[in-house]
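Each protein sequence line maps, in turn, to chains X and W.
Heads up: the first sequence begins at 1 in our numbering, then just goes up one per residue.
Heads up: the second sequence begins at 1 in our numbering, then just goes up one per residue.
Hints in this document: simulated from the structure, not taken from any laboratory.
Cβ atoms here follow ideal geometry from the backbone N, Cα and C, with glycine treated the same way.
Just to be clear, a hint being listed does not mean it is correct.
What the hints assert, rightly or not - Looking from chain W toward chain X, a few residues come up when the C-beta cut is under 8 angstroms (computed): (1) Ala290; (2) Val343; (3) Ile347.
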Amino acid sequence: MKSSSITSVSVKRVHIWYALIVFVFAIFVVRLFYLQIIQHDHYKTAAQSDQYKEYEIAASRGIIKAHDGDRTIPIVLNHQLFTIYADPQLVKDKKKTADALIKVLGGDRKKYENAIAAQGRYQVLAKKVTQEQRDTLLKYKLAGIGAQAQEYRTYPQGTLAAQLLGFVDDAGVGKYGIEQSLNKQLTGTPGELKAVTDINGVPLAASEDNVRKPAKSGNDVVLTIDIGMQKQVEQLLQQGLQTAKSSSGSVVVLDAKTGAVKAMANYPTYDPANYAQVTDANLFNNMAITEALEVGSVMKPLTAAAALDLGVVKPNSTYYDQSKIKVDDAVVSNIEEDGGPGTKNIADILNLSLNTGATWLLMQMGSGELNRQGRQAWHDYMSNHYLFGKPTGIEQGYENPGTVPSPTSGYGLNITYANTSFGQAMTATTLQMAGAYAAMLNGGTYNQPHLLESTIKNDGSVAKNKPKILVQRAVKPEVSKEMQPLLEYVVAKHHFKRKFSDAYSVGGKTGTAQIANPAGGYLEHDFNGTYIGFVGGNTPEYVIAVRVDRPKIAGYAGSQAAQPIFGDVAHMLIDNFNVPTKG
Amino acid sequence: MRALDQRRARRANMGQSTTLSRRHKPDYWLLIIALALLGVGMIVVYSISPALAVEKNANGNQYVLRQFIGIGIGLLLFAVAARIPLHMWRHMYKPLLLIAGVATLLTLLLPVNQEYPAHRWIRLGGFSFQSVELLKFAIIVWLAGFLAYRMERNLMDDFRQTLRPLFAVLAGVAIVVAGLQSDFGSATVIAAMITAMVFVAGLPLKRILMIGAIIGVGAILLIAPSGYRRERLATFMNPEADCMSTGYQACQALIAVGSGGMTGLGLGNSVQAYGYLPEAENDSIFAIHAEKFGFIGSVVLLGLMLALFARIKRVADRAPDEFTRLVVVGILVWLSTQTIINVGAMIGLLPLKGITLPLISYGGSSVLMILAVLGVVFQASRYTSLSSVRDSYIDRGGSYDNSRNGRRLRRAYNPALSSRSRT
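If we strip away everything but chain X, and leave its shape as in the complex, we get (with noise of 0.2 angstroms):
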């Protein structure tokens, strides 16, 4: 019997055990129940605030066209590269990532085991990386490698009008340039994505609750360039400082009916898919906007229609030129060629750049002599008539609004004014001047210079961008008919490489403009040189502003360095783009 005992109780102890399990389990079914049935919405909280992420889906930003002739052609556009980060939390096999990494990227084992070994969780390990080489890496299936779509822009004009175009940064923002003062256009309205996704950020496609509101593209934007003139404006400008011997300057075209600027060129540029390499920050400026400089004698035809708009002379008006004039401590005088003292009229003042004329000019507004009424009157057609000292608010970052001296207080206010007669002692900007000439020659109309010629929303439809007309009446229209054969007659009697057909109306006038020196007084030996002029037929067509700072050439800055460049625009515009002819 002694078997069946050890047997009754080994069987018992059996029981014993398996009453044991029984127990646990009977604890596991009431944890299950606490755990599943009591926090559940605790738990259920929980996985959701670790399932359910929220993305921004980034917007498309909008693309710029430019005139290609009739047509128009994408002149800045998106492209999209990706950004390779990396969760180190999630990466399993440092040394395999970082040589999967090294293979399809390239770069130094280091950067990448450093990155991978660091605390955040998301490091970025290469930036710009391409669609075929996203691909290739995401095929080796690393944990914890992902990768992130990005815009970036490119040009496929390269360095062409880069200064008017601006960029865009990695944050997206655009700076400088139509980017800029177009930012809030062209970036659109982000979309919204919320969705269950798996450990990496990947939504799972089954989820009910995924919320997804698209992202809306910015608005495209038609600008107002001619990209063929641009390039050879840009070209010229090149060349023509070149011969100049000059490091920068700038041209700027505009449609003298619409103020639509048709090209704007700066030099020196830089290539903007490449902004970040650029050291010096200047170089993103686009100088015929942001940068204000006394103009010269380019002012003098303003005066003179001023002047005429005054109704204080007649275009056939004489007076006796002195070669100098004495202004209380200071003299007003001519350069030598001037051909002395005698009697002269506007036609001279222009065509052999009298100081001592634009003098006489102010003087005439003051009822014959430097004073109060006749700063105040200058004053007005400076500000309120040319707009000199305001922004034009042509679509540009940091528009430079130039300076013109108060009227009434100061020191030595009537040789300040003296001086603004003939384009010292004030500033404007490249475009301001242009834009100056324009209503001054278009029958007196000031519209606002432009970029901007449509917008183009996502739905496809086109708002055209009405330029606003900044001065109804700069000058009266018969002053415009009257300046016109003044300004072609400085042409004609001055030399130009390759002559003008008689075809056309073609007029303009040389600025060899005092630089002042940051000490007091002007600089000796430095000058810059400047040209305002136009082409066309009956009315101008074109105005063309030239700049030219600071040429080594021998002779006038304004005539030997500024107008061969404004020459070779002009018969380009008259070889190129239908200027009509006159009749």
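Following the hints, complete the assembly by docking chain W onto the known chain X.
The following block gives chain W in isolation, referenced to the frame of chain X:
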């Protein structure tokens, strides 16, 4: 010559003991429940295979296919084991221990995989085998023989004869499995197996408490110097304190279980498998199951498990001899302890151990060995000891008609009880 004689004598003795039991049809419920559990596991692995494909950068079908192959080989082993009479194992404990020992030694010498840097696996081609699974079975067979021999000679209480070798084995397991392989989970399973078998073998409770105390001290000695284990224990005490690093898996398991609710998210809707819960197909499969099928599904799974254990217990009850009973009990403890450790960890009642859920978890060596040992139980279920039938007959107040083999057993049952005497 003496050894040979002894063996002959022992065999004769065993032959005698089988005459006291009746051979009959095996317990098919055992197989049916096991297949049902395999089916559940298969469904869960299959339904998360798209997630595994994404998170582990592998072909999802590969998991299903491998599990199929594992189960296929496992069922083959089941069939083979089901045909080997139990007393054959009793003589094979030496080669078994030798094979298990060599396999364990191999794992310690072979280079480790970077992903699982522990000396636990023998890798052959695409398959890996955990040597400790073999060791568990070898220990069961050896211990059952060892204890049965002593029970038969009434030596259970003898310290030198019984307890000293037991402590030696325990120490060996602690050093090799828990120490060198750092497989604390398996060491726990083995310790539970040994304790339960000794308990069932009739060791006085005093001695068992002593063994328990020694295991406890050993566990503390093993945990204390290992930062990794201390961390795991601390994590277990308060898992939600540090969900981002050490408590991550524990937290995610609780989230998976808790978010399942009453009926679960549905078969295809587990989110936690998408990389949130580590080892989703393996150690954490219960949490995924609970997320998919909710409280109801979890209880059904535990019910199936318990049903399987009940069938194994029934085989142990009716075992024709003590060796068989101890083997079956060892297997019962193996499976149940592993289930308890695994499920307990997933529901935050026990620390994480890195141990599979029998028959459910994906993983070749686990399912292979478990099906093999279930084959052993299946073989054991072919026999019913007459004394146990009589006991149950008496327990139930006279009728055992609901027994499948009632008719045959009744005929086999000999009212002359005295002939049952084994001594």
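Cross-check of the supplied hints:
no., hint, verdict
1, Ala290, "holds (7 angstroms)"
2, Val343, "holds (6 angstroms)"
3, Ile347, "holds (5 angstroms)"
The earlier numbered hints are all upheld by this structure, with none contradicted.
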